[in-house]
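Asker: Okay, here's what each chain looks like letter by letter:
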Amino acid sequence: MSEHQHDHGAGEESQGHPGGTPDIQLSYRAKRSLAMQELLVEKGIIAPDDIQRSVESARARSPSDGARVVARAWVDPAFKQRLLDNALTAIAELGYDFVADTGLVALENTDELHHVVVCTLCSCYPGALLGPPPDWYKSLAYRSRVVIEPRAVLREFGLELESDIGVRVIDSTAEIRYLVLPGRPAGTEGMAEEQLAELVTRNSMIGVGLPLSPELVTT
Amino acid sequence: MSEREKPAPAAHDRGGWATEEPVDQGEHQWADWEYRTQALARVLRSKGIVVTDEMRRGIESIPAPEYEALSYFERWSASFETLLVEKGVLTPAEIDEKMKEVEERWG
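Those sequence lines, one after another, are chains A and B.
Here the first sequence stands for residues 5 to 223, numbered as in my numbering.
Here the second sequence stands for residues 1373 to 1479, numbered as in my numbering.
Rather than coming from a laboratory, the hints here were simulated on the basis of the structure.
No residue lacks a Cβ here, since even glycine has one placed at the ideal position from N, Cα and C.
A few of these clues could be false.
In silico contact screen, one side only, chain A against chain B (beta carbon under 10 Å); selected entries [to be verified]:
id	residue
1	Pro26
2	Asp27
3	Gln29
4	Leu30
5	Ala34
6	Ile49
7	Gln56
8	Glu60
9	Arg63
10	Ser66
11	Ser68
12	Val122
13	Thr124
14	Trp140
15	Tyr146
From the derived model, a few chain B residues whose C-beta atoms are all more than 12 Å from chain A [claimed, not checked]:
id	residue
16	Glu1377
17	Lys1378
18	Pro1379
Okay, chain A solo, but in the shape it has when bound (with noise of 0.2 Å):
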């Protein structure tokens, strides 16, 4: 029998593989972090399955919730209006069930006004509807930018908007998280809820970006 590869001791073994890519070499602070946990399981004050099953319930969350959140608002302007007077309690309805102490607010995109977030302190995002933030959200360049010229930082996604459409940035709090509610794109006149959630991309969610346009999903 050959040698198993990813025999690291019993921290590994009593937690399971987290699924992201094997530790090979770790820094400093990374290793700290792992010898903190392994601390804790010994002292009784987490158990040993903890961590791992809270990297599984990370792990099952994506912006594919939050698609269904705003695809829900396209076609139910009932929803719609909910969502925009009390985000909580409308993505309740569909299930998500935010952070106890945390505030989520959908801010709409229309002709006249584009919201794009940020959070320039750290990283706040909504993750219970869009997965973990990209690395560029916590990226140094995008939060010093973005609050001062953030037309030229969306140009550099790709996203050229007319120049009498306003920009509003916000920027997160560990309070309140921010879902954006896009636009929906034009020529999707009777397509599904569920056909419309596909065209709800993560970065129209943040602001730095569209939805997609019906022709690319419908083939």
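Could you slot chain B onto chain A? The hints should help.
Answerer: Coordinates of chain B only, in the frame set by chain A:
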């Protein structure tokens, strides 16, 4: 406005800093330790050991040169250590001791 009236923002307070660096849109696949580190935050919160604002304060109090040098989840690791030691959940000595085992395993 003189510098005395307007102190330089802390390293984490990034909005409006002058930079022409383009936004790197590449995304790396998370390593296992990054998934585990993110998970640890959620576990510690769910058990009431830390709250989100403490996590943030732990990150925001990392000295500027270190803040710039550390990767995203390395900052989280530093924050956990600050908080868990402050709260008396772990001691620096026992983390150092456990580090020896981890170092041996990982080289």
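Asker: Run the structure past the numbered hints and jot down the numbers of the failing ones, going up.
Answerer: The structure conflicts with hints 10 and 11, although it agrees with all the remaining ones.
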